[in-house]
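Chain order of the listed sequences is B and H.
Quick note: the first sequence uses my numbering, first residue 1, plus one each step.
Quick note: the second sequence uses my numbering, first residue 1001, plus one each step.
It should be emphasised that the hints constitute simulated quantities derived from the structure, not laboratory data.
Owing to the predicted nature of the structure, the values given are computational and were not obtained by experimental measurement.
Note that the Cβ used here is the ideal one computed from N, Cα and C, for glycine as well.
Among the clues, some could well be false.
Listed next, the in silico DSS-like pairs over lysine-lysine satisfying Cα-Cα at most 25 Å (straight line) [said to hold, decoys possible]:
1) H/LYS1148 x B/LYS177
2) B/LYS480 x B/LYS383
3) B/LYS177 x H/LYS1172
Residues from chain B shown here face chain H by an in silico Cβ test under 10 Å; the list is partial [claimed, not checked]:
4) PHE59
5) CYS80
6) GLY101
7) PHE136
8) GLY150
9) TYR152
10) ALA153
11) ALA169
12) ASN323
13) ARG372
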Amino acid sequence: MLIFEHSRPGRRNYSQSPATAAEIRNIPQNLLRKTLPLLPEVSEMDAVRHYTRLSQLNFSIDTQFYPLGSCTMKYNPRVCNSLAMLPQFLARHPLASEDTGQGFLACMYELQEILKDVTGMAGVSLTPMAGAQGEFVGVAMIRAYHEARGDYARTEIIVPDAAHGTNPATAVMCGYKVVEIPTGKEGDVDMAALKAAVGPKTAGLMLTNPSTLGVFEKNIAEMSKIVHQAGGLLYYDGANLNAILGKVKPGDMGFDVIHINLHKTFSTPHGGGGPGSAPVGVAERLLPFMPVPVVALEQGTYRWLTEKEIPQSIGRLSAHMGNAGVLLRAYIYIRLLGAEGMHRVAEFATLNANYLMVELSKAGFEIAYPTRRASHEFIVTLKDLKEKTGVTAMNVAKRLLDKGYHAPTTYFPMLVPECLLIEPAETESKQTLDAFVASMKEILAEAHAQPEMLKGAPHTTPVRKLDDVKAAREPDLTWKQSS
Amino acid sequence: MPFIPHTEEDISVMLASIGANTIEDLFDEIPPALKNGSLQVLPGLSEMEISRLMLERAETDGRYLNFIGAGAYEHHIPAAVWQITTRGEFYSSYTPYQAEASQGTLQLLYEYQTMMASLTGMDVSNASMYDGASALAEAALMAVRSHKSSRRILMPTTVHPIYRRVVRAIVKNQGIEVVEIPYCAECGHTLVESLAPYAGQDIAALVIPQPNFFGVLEPVDALTDWAHSNNALAIGVVNPMALALLTPPGEWGSTGADIAVGEGQPLGIPLSSGGPYFGFMACKQSLVRQIPGRIIGRTTDLDGRTGFVLTLQAREQHIRRSKATSNICTNQGLMVTAATIYMSLVGPEGLRRIAAQSHANTMALVEQMETLKGVKRIFSGPLFHEAAVTLPTPTDAVLKTLKNQGILAGLNLGEHYPELGNALLVCATETKIAADLEKYVEHLRRALA
Ligand SMILES: Cc1ncc(COP(=O)(O)O)c(C=O)c1O
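Could you build the full structure based on these sequences and the hints that come with them?
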């Protein structure tokens, strides 16, 4: 039932708005709304009950193992939320003067410094509000860099075919043409194709490392050389930083600009779709182009640097300084971990992924890149299973929901047929992984014994398989009073 | 180790299964020359220690009686909003890719889309953008995509100054021209006459703020009709709280604006130093295939039961890659969760009363301020809940004096509009009571004396 269907005309929550309706002075009639908007008229208890019940229809990290590849679904510590929601932090107006926010700004400044250190970059700006906006900022800086040197010939961004969809979409938003290069048999970028693709038109290369195929690009040093020699810059999509935290720094790999998804590696919540936060780190030569504002520490006082101090900045990407409250949660998480805890993140994320990969392989699943180590994630391909039984990766994913697990990422990266991209994250125990393997084994047996049952999965979720085609053909995007 | 459950026994069994001796062996594909484990990060803190540190920092920042608006507004937030929003099932779930396991989030977003479409008077709403400023930039890109011939956007200078900068930063690499339109110095809004130089030219869209940055209401009907008679789209950038009182963009002029965007923060989101907030975006049915971001649709399952899914995904980057309407992926889902619960708790009449009280408080404050010598409203145009006021002495000094009394007296408007001189932008929402207004005026009187 929708909230609107609980609604009764005239029902109100008297404690949630002024007791009397104030007089509207000064606003001409023609600017005033004639009818009230369609908002629910429900009691406070109705609303609380309705949304509590809706929440219970979700799978989440707090309730299920959630091995969604490329998303780093690790535990989101509760204390990060409660401390970021201290009343003083919540009440602070973004345009209040800097001297009323020294506590907040101290956290932001320290976060900038920590991220510089962790990534090996020369500067960090915290403003981008999600990975895709971090990418935008990064590629816009690459463009600003070339243009500042009078080099307008660079019109192309190179993107491997395994890249996330945001990479090519970002390049286009920055006015570039996308040149896609293929992946070799072992999961690394095809070096011959890269060599053939670079040239005087190359503005840069966008790379995720470890890649979305769950392997570390072994040739990264050479790739960096090839792109730099052609005059291009190297962009690091930091969605997979969790795999190498405290092991390798993107700056040392030769990257000129990177973004870090705090809502992955630094454990800020995904919130059913966001908010995220994706600080960007830059090498020395891109410092003049960083997005503003950036926090500075001068004589013991924190203040914002703006267009005044960074005149060549690519500008601003949000009305204030990005998702401040998300940045606070990441800061708190980092201080809880400390240096030692950070090293452990990559170690145990990698241990869990390799263990799960080996156990699934032993259980009869085909691993897409069996000769490689898993990074913090790996790919299972069900191409053979589909040929033999007709059961697809999507069927297996849906059946996992019945077994009480959120499904891995399906059909991404697109180049591996019938793929499941599985990322367990370091916060899961061996016992959880073992139980997951047992469920996967059961599903494999079901695929042979009862393929039709699998094709009808899920069976135990609040709804069964939903009709996507109908949703797209006859879009029903808002509830209407009559419906 | 924080948040890692492995026992020594687990580790050795797992390594044995993998066939590795140490965890370090698992990193053997990384070229040794690249390895760098040095970190300057301080040793980890316990939960008790970090709590103490954060509490100290929060207390350093203190709390003020706030009269700043300028795009971020202090409203009362019912306790239930964030208690439910931070339930783990909402807080720690991902984008609802697996619809059957995400019906809670999906249904909530469908309800949100319905509420926003109705509030803005539009046919459809997406499931959120990052914030109001970036939503406006996306609306400009959307207008250019659907217009086809023009790459020019008309942007009144009464639009939030930072929004204008954000739009420029986001659209400039696509060869889109943003032309600024001056405002009427007397009335404080855009005049249709000032658009005259562009009549008959190829224009993709006219942006129409309501209320505008000065808190003044724009002549939205005339501006919308001007846009349409010049074959341009009309983009409304609106405060959702104001829409409880004001004509929604979908009803502006004779056929309504085409796209409505804005900052969703007034709907139950705390100020929190600027974020996370959320941008909203709604449009006419005819533009739905051009809208960026997630959209939720209602459909049925195998047994004919109602359910909800992400839909019209052929617009999005994960399907269309370089041909997508935008690169946006992660949005501001949890903020929308809070806003939906907020709108359900206050309801249509509650929202109207909150908006009306904010209007009345600001009008009362400005009236009292005007009793002080040299303090005057700058513009004659009608106001919603914010006002531009001139001061007889430099604004920064006045702001500082009042801040020392625990009052954030407003925004120094001269920073963004130097032609206005000693000017202040003030806002008194429903959270202020008569005693707050008196206190403000009394301290302002002393500061000016
Ligand atoms: C590899 C990769 N790149 C980029 C992104 C985009 O990040 P965001 O969703 O925060 O915009 C993602 C996240 O889904 C990702 O997995």
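Item to complete: Double-check B/ALA169 for me: the hint is only fine if its C-beta lies closer than 10 Å to a C-beta in chain H.
Response: Cβ of B/ALA169 sits 4 Å from chain H, so the hint holds.
Item to complete: Verify the interface restraint on B/TYR152: the C-beta must sit less than 10 Å from at least one C-beta of chain H.
Response: 12 Å, violated
Worksheet entry | Interface restraint verdict for B/CYS80 against chain H (beta-carbon cut-off 10 Å) | 9 Å, holds
Practice prompt. May I ask you to test the interface hint for B/PHE59 with respect to chain H, counting a Cβ-Cβ separation under 10 Å as satisfied?
Written response: 4 Å, holds
Item to complete: Could you grab the alpha-carbon distance between H/LYS1148 and B/LYS177 and see if it respects the 25 Å cut-off?
Response: 19 Å, holds
Practice prompt. Using Cβ atoms only, decide whether B/ARG372 comes closer than 10 Å to chain H, and label the hint accordingly.
Written response: 7 Å, holds
Worksheet item: How about B/GLY101: closest beta carbon in chain H under 10 Å, or not?
Response: 5 Å, holds
Practice prompt. Tell me if B/ALA153 is really an interface residue toward chain H, meaning its C-beta lies closer than 10 Å to one of theirs.
Written response: 16 Å, violated
Worksheet item: Is B/LYS480 close enough to B/LYS383, meaning Cα to Cα at most 25 Å?
Response: 44 Å, violated
Worksheet item: Given B/PHE136 was flagged as interface, is its beta-carbon under 10 Å from a beta-carbon of chain H?
Response: 6 Å, holds
Worksheet item: Hey, does the B/GLY150 contact hint survive, CB to chain H under 10 Å?
Response: 17 Å, violated
Worksheet item: Given B/ASN323 as an interface hint, is the shortest Cβ-Cβ distance to chain H below 10 Å?
Response: Result: holds, 4 Å to nearest chain H Cβ.
In terms of the numbered hints stated before, the structure departs from hints 2, 8, 9 and 10, listed from lowest to highest.
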